[in-house]
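Engineer: Residue numbers (our numbering), protein chains in the order written: chain P, 1 to 95; chain H, 1001 to 1297; chain L, 2001 to 2211.
Simulated from the structure, these hints should not be mistaken for lab results.
Backbone N, C-alpha and C fix where the C-beta goes; we use that ideal spot for every residue, glycine too.
Any given hint could be a false lead.
Stated by the list, open to error - Straight-line distance between alpha carbons at most 20 Å, and here's what the computed SDA-like set of lysine to any residue pairs gives:
(1) H:Lys1148 - P:Arg39
(2) H:Lys1148 - P:His17
(3) H:Lys1087 - P:Glu52
(4) H:Lys1261 - H:Arg1274
(5) H:Lys1112 - L:Pro2207
(6) H:Lys1149 - P:Asp41
(7) L:Lys2056 - H:Gln1059
(8) H:Lys1244 - H:Val1227
(9) H:Lys1149 - P:Arg39
(10) H:Lys1087 - P:Asp22
(11) H:Lys1133 - H:Met1036
(12) H:Lys1112 - L:Met2201
(13) H:Lys1137 - H:Glu1012
(14) H:Lys1112 - L:Thr2200
(15) H:Lys1149 - P:Phe6
(16) H:Lys1112 - L:Glu2022
(17) H:Lys1149 - P:His17
(18) H:Lys1149 - P:Leu46
(19) H:Lys1137 - H:Asp1020
(20) H:Lys1087 - P:Met1
(21) H:Lys1149 - P:Gly38
(22) H:Lys1148 - H:Asp1084
(23) H:Lys1148 - P:Tyr37
(24) H:Lys1149 - P:Glu9
(25) H:Lys1148 - P:Gly19
(26) L:Lys2123 - P:Gly38
(27) H:Lys1112 - L:Val2206
(28) H:Lys1148 - P:Phe15
(29) L:Lys2056 - H:Thr1057
What the hints assert, rightly or not - Sample of chain P residues with no beta-carbon within 10 Å of chain L, all distances over it, derived:
(30) His17
(31) Phe44
(32) Pro50
(33) Val57
(34) Tyr70
(35) Lys81
(36) Gly90
(37) Thr91
Said to hold, decoys possible - Taking beta-carbon pairs under 8 Å as the criterion, some of the chain P residues facing chain H (in silico):
(38) Gly19
(39) Ser20
(40) Pro24
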Amino acid sequence: MIWEIFRQEREGQPFQHGGSLDAPNLAFAEAYARELYGRRDESFALWIVPREAVDEVRDPYVADVFDRDYRRVDGYSLKIKLKEARERAGTAGSG
Amino acid sequence: MNDTEFQAYVQEGGQVETGDTMPDDYRKALIKFIEMHGNSELMGVLPEREWILRAPTLQRKLALTAKVQDEVGHSQLIYRVVEDLGKPREACLDDLVAGKTKFHNVFHYPTKTWGDVAVIAWLVDAAAIISQKALLKCSYAPYARIMKKICWEESFHILHGRDCILALMTGTDEQRELVQEAVNRWWGPLMQFHGNPIPADDDPMYRWRIKSQANEEARQQFLDGYVPQIWELGLTVPDPKLRKRDDDVWEYGEPDWDELKHVVTGHGPKTEERLGFRRWSREETAWVRNAVLADAA
Amino acid sequence: MNAQELLALADDELILGWRNSEWTGIAPFLEEDVAFSSIAQTEIGHARAWYELAAKELGTDADSLAFDRQPEEYLCAPFVELRFVPDWAQTIARHWLYETADAIRIQALMHSDDPEIAGLAEKIDREEAYHRMHAEMWADRLREEPRFQQAVDKLWPYALGVLESEQRNRLSEVVGRDPVDPVERGTHTEELAPLWEEMTMVRRSVPGASW
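Use the sequences and the hints to build the structure in full.
Structural biologist: So this is what it looks like as structure tokens:
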């Protein structure tokens, strides 16, 4: 049975996929995950997940087809309006 | 994507994941290449493991056990990649012990002394790491990812090798002689290790960005890195033609390409014995796999 | 605790670690190969720690104690000398029995009057938690396997011989088997001499050298 191993490099970090291993049950999978992804003390914690429990979603379901810049920082350009507002208020000093 | 588009895609740096559509030939070439790598890590364990039992200090014993353990771990990572491409691990191991698939030349030779242990960790591992670093750019992403872990784990192997060598070279005359004698025997296989200098243009392995470093480039990198290290210890290399030209290219006596072909097709001095040993240990432990790995809860 | 007792502990761990490292590269499957190799390394690491304590008392160093004595001078229990490769059933039977016995021994040492010994025993106990987990995992999986049961039957007298007599009843309790005549420390099996030959051959090739 194939298990996917996710590892947390340091406390507080996100868990990232490390690799997979073959083990008959969770007890064995835990022992082997420790060995393969932790024998050098390189992981703070591990998630052990049966491969069939992992579902993947990719293009085209996730990608933007129409531009949705209102969701992004680059969809907002404030410089000109800010300058005008300051001029109106008489506070346009060093801009 | 048709085959031409696929080739353009990978040549521009496109990455391929396990579930992606890929040309049959690409998948087959990947399996063959990666399987040979897995076989090499697994067979590479055999020349070294006997010396774990003979290590002359507790520290060396621990270091050598850890190094060999890493190599087994690498074969685990590599065969998992092959399995996800469609060839199960047991099928790979069946083919390996039946002599149907290959493994790198260096693992077909005997290890005779502690000098070999030191030279292997210092020079053979170095030659392998050069190839492994080039594979970090492989178009097949799952393989490139495990190469990252493999390269990281290999970093202590080189230091361990150098440490063993320096201990011997600062020891007795007998110990220094162990190193020189081992270098003399391993030089030929080392020079053959990266393979024949063949033009990359017609090779599908390069067109598909499975391999990204030419054989000769790897060998030059090896010579550049390690001949100075060898010479600075007062050791000699058994090749009177070896020298670095003014244009920084290393010249050397032509490696025995016939020997390389002969060895990797299963006729090395230790091939039969080592495959036989693998076959035997596999047969003796088959009951364990059946009891444990068969349908489990 | 005197130097001889420390050496017995160290020799047990060294020789068992040596036997377990015979599986590196040829264990039943790859994931287990990596796991079992770590166990062998930990055992040798523990041996080294006990040798270092003994070395202080005896005015020498750990490597000299580990490798420069004659076979008759080793104080290990016969149990650890037995050669099992390629028999995984006997290997796991020993692993499980030894870890159970060792846990009892280490627990007692954690209460030693000597703070160095108690401290080292505590450190070792923490690392051994993984060994015990691994042994239980395998014993559980092979419980129904006749090969494994037969191996435990055969090795039970040897396991008892690892412990001091006053600790043996505890072992019987934990393992769930009646005590039998133990195979005591004091004589070595015929397997030790060839092991020693191989273990010391490089070291003996240039006596007194640094490696």
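Engineer: Could you run down the list of hints and mark each one as holding or not?
Structural biologist: Results of checking the hints against the structure:
no., hint, in the structure
1, H:Lys1148 - P:Arg39, "17 Å, holds"
2, H:Lys1148 - P:His17, "13 Å, holds"
3, H:Lys1087 - P:Glu52, "19 Å, holds"
4, H:Lys1261 - H:Arg1274, "18 Å, holds"
5, H:Lys1112 - L:Pro2207, "19 Å, holds"
6, H:Lys1149 - P:Asp41, "14 Å, holds"
7, L:Lys2056 - H:Gln1059, "18 Å, holds"
8, H:Lys1244 - H:Val1227, "10 Å, holds"
9, H:Lys1149 - P:Arg39, "13 Å, holds"
10, H:Lys1087 - P:Asp22, "14 Å, holds"
11, H:Lys1133 - H:Met1036, "17 Å, holds"
12, H:Lys1112 - L:Met2201, "12 Å, holds"
13, H:Lys1137 - H:Glu1012, "12 Å, holds"
14, H:Lys1112 - L:Thr2200, "16 Å, holds"
15, H:Lys1149 - P:Phe6, "14 Å, holds"
16, H:Lys1112 - L:Glu2022, "19 Å, holds"
17, H:Lys1149 - P:His17, "12 Å, holds"
18, H:Lys1149 - P:Leu46, "16 Å, holds"
19, H:Lys1137 - H:Asp1020, "18 Å, holds"
20, H:Lys1087 - P:Met1, "15 Å, holds"
21, H:Lys1149 - P:Gly38, "12 Å, holds"
22, H:Lys1148 - H:Asp1084, "18 Å, holds"
23, H:Lys1148 - P:Tyr37, "13 Å, holds"
24, H:Lys1149 - P:Glu9, "13 Å, holds"
25, H:Lys1148 - P:Gly19, "12 Å, holds"
26, L:Lys2123 - P:Gly38, "19 Å, holds"
27, H:Lys1112 - L:Val2206, "16 Å, holds"
28, H:Lys1148 - P:Phe15, "17 Å, holds"
29, L:Lys2056 - H:Thr1057, "18 Å, holds"
30, His17, "17 Å, holds"
31, Phe44, "17 Å, holds"
32, Pro50, "15 Å, holds"
33, Val57, "29 Å, holds"
34, Tyr70, "49 Å, holds"
35, Lys81, "61 Å, holds"
36, Gly90, "71 Å, holds"
37, Thr91, "66 Å, holds"
38, Gly19, "6 Å, holds"
39, Ser20, "5 Å, holds"
40, Pro24, "3 Å, holds"
In summary, the structure agrees with every hint in the numbered list given earlier.
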